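Student: Counting in my numbering, the first sequence runs from 4 upward without gaps.
Treat each hint with caution, since some may be false.
Derived pair list, reagent style DMTMM-like, types lysine to aspartate or glutamate, alpha-carbon separation capped at 25 Å [to be verified]:
1. K81 <-> E228
2. K142 <-> D233
3. K214 <-> E203
4. K254 <-> D233
5. K207 <-> E268
6. K66 <-> D233
7. K254 <-> E6
8. K142 <-> E228
9. K214 <-> E137
10. K214 <-> D39
11. K207 <-> D162
12. K174 <-> E268
13. K79 <-> E204
14. K207 <-> D160
15. K199 <-> E161
16. K207 <-> D105
The calculated label-pair distances, taken between Cβ atoms and stated as ranges, are [what the hints assert, rightly or not]:
17. A122 <-> E213: 21 to 31 Å
18. D31 <-> K207: 41 to 51 Å
19. G255 <-> D39: 25 to 35 Å
20. D162 <-> T234: 41 to 51 Å
21. F77 <-> D57: 27 to 37 Å
22. M4 <-> D162: 28 to 38 Å
23. M4 <-> T234: 23 to 33 Å
24. K79 <-> V184: 36 to 46 Å
25. N83 <-> V184: 37 to 47 Å
26. S197 <-> M4: 19 to 29 Å
If you're looking for bench data, these hints aren't it; they were derived computationally from the structure. Nothing here was measured: the structure is a model prediction, and the numbers come from that model. A virtual CB, placed ideally from N, CA and C, is assigned to each residue, including glycine.
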Amino acid sequence: MVEKYITDFSIAQICRSGQCFRMRERSDGSYEVLADNRYLTLEQEGERCVFSCDEQEFETFWKGYFDLEADYRFYKEKLNPRDIYLTTAAACGGGIRILRQDLWEMIVSFLISQQNHIARIRRCIRNICENYGERRVGKDGTVYYAFPAPEALAQLDEDALKACNLGYRSKYVVRAARSVVSGEVCLEKVRMLSYKKAREELLKLFGVGEKVADCVCLFALHHLEAFPVDTHIRQVLEVHYKRGFPHRRYKGFQGVMQQYIFYYELLKEK
DNA sequence: CGCCAGGGGAGCT
DNA sequence: AGCTCCCCTGGC
């Protein structure tokens, strides 16, 4: 167990922000996080966070995963105070961090996300992990399943994942897995590329369009200049930014602003 | 039962 | 760039 005091961090907000589908709030108010074949529980009260790992694992993995080395005050200071909408959104989701998630997992997750609800996306991913991922046992005895490697999914029939509730998205995932396994799209290479080049490379995958590529760039590759535009964001742009979103002002970290907006819109739904 | 929308994308023109 | 299909589920 390690105890940390962290500002601009809210596990509850991150969990609800829709960038991560394998994180959940447990009935006792603590959070469970599955990432990189690891299992973590996290309790938070104000700025006090208790991670269920040792200091070394925190330093070498979770600190980077939650992007805790970055100072998000920098992004908030750049906010245009006259932009009431964005200022309000950032105030509501000020504890959000852009996670550094696994590349392959994000590709699959956002392939599944198209024309889909968050609750169902979570179910789909859980189904895939339980059916094709390796079974693991956490330090506290909890059984969980790792996210299946491309090799495990590449050998499936194109329609096999319909059994995991993917519907017509099944063939997107299987074909993408095959492209990765064959080396047509090299993930190690994608990791080294700039935002533009990485995006271009991801677009070669069947089923990956501009929105999905941007989500992968933002949530896996940490290219904060990626600004995924989905139906929700499009509506916001139409209502609040008729003359265009001020990309110039937020150059290099538009993705952080996108998350504030997205979270705020999700929040208002309820 | 029908209708429609839910964090799109492919394949056309 | 804009259009038409694609065609899975869950909610109403």
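Student: With reference to the structure, classify each hint as holding or not holding.
Tutor: Okay, the hints, checked on the actual structure:
Straight-line distance between C-alpha atoms of K81 and E228 comes to about 15 Å, which keeps the hinted pair within the 25 Å bound. A threshold of 25 Å between alpha carbons decides the hint, and for K142 with D233 the separation of about 39 Å lies outside it, so the pair is violated. Our distance criterion of 25 Å between C-alpha atoms is met by K214 and E203, whose separation comes to about 12 Å. Using a Cα cut-off of 25 Å, the hinted pair K254 and D233 holds, with the two alpha carbons roughly 20 Å apart.
Proposed proximity of K207 and E268 is contradicted: the alpha carbons are some 31 Å apart, above 25 Å. A C-alpha spacing of about 29 Å is found between K66 and D233, which places the hinted pair above 25 Å, so the restraint is violated. Restraint check for K254 and E6: not satisfied, since their Cα atoms lie roughly 34 Å apart, outside the 25 Å limit. The straight-line distance between the Cα atoms of K142 and E228 is roughly 37 Å, outside the 25 Å bound, and the hint therefore fails.
With a CA separation close to 30 Å, the supplied pair K214 and E137 exceeds the 25 Å bound. For the suggested pair K214 and D39, the alpha carbons sit about 24 Å apart, so the restraint of at most 25 Å is met. Proposed proximity of K207 and D162 is supported: the alpha carbons are some 21 Å apart, at most 25 Å. For the suggested pair K174 and E268, the alpha carbons sit about 31 Å apart, so the restraint of at most 25 Å is broken.
Using a Cα cut-off of 25 Å, the hinted pair K79 and E204 is violated, with the two alpha carbons roughly 31 Å apart. At roughly 21 Å between alpha-carbon atoms, K207 and D160 fall within 25 Å of each other, so this suggested pair holds. A C-alpha spacing of about 30 Å is found between K199 and E161, which places the hinted pair above 25 Å, so the restraint is violated. Using a Cα cut-off of 25 Å, the hinted pair K207 and D105 holds, with the two alpha carbons roughly 19 Å apart.
The hinted window of 21 to 31 Å between A122 and E213 holds, with their beta carbons roughly 25 Å apart. Distance hint check: the CB atoms of D31 and K207 are about 44 Å apart, consistent with the given range 41 to 51 Å. One distance hint, 25 to 35 Å for the beta-carbon pair G255 and D39, holds here, with the actual separation near 26 Å. Checking the proposed 41 to 51 Å range against D162 and T234 shows it is violated: the Cβ atoms sit about 27 Å from each other.
Distance hint for F77 and D57: a CB-CB separation of about 30 Å, consistent with the stated range 27 to 37 Å. At about 45 Å, the CB distance of M4 to D162 disagrees with the hint of 28 to 38 Å. At roughly 42 Å, the beta carbons of M4 and T234 sit outside the given window of 23 to 33 Å. Separation of K79 from V184 is about 42 Å and conforms to the stated range, judged on CB atoms against 36 to 46 Å.
Our hint of 37 to 47 Å for N83 and V184 holds, since their Cβ atoms are close to 46 Å apart. Separated by about 39 Å at the C-beta atoms, S197 and M4 break the suggested range of 19 to 29 Å.
Figure legend: structure checked against the earlier numbered hints; hints not met, in rising order: 2, 5, 6, 7, 8, 9, 12, 13, 15, 20, 22, 23, 26.
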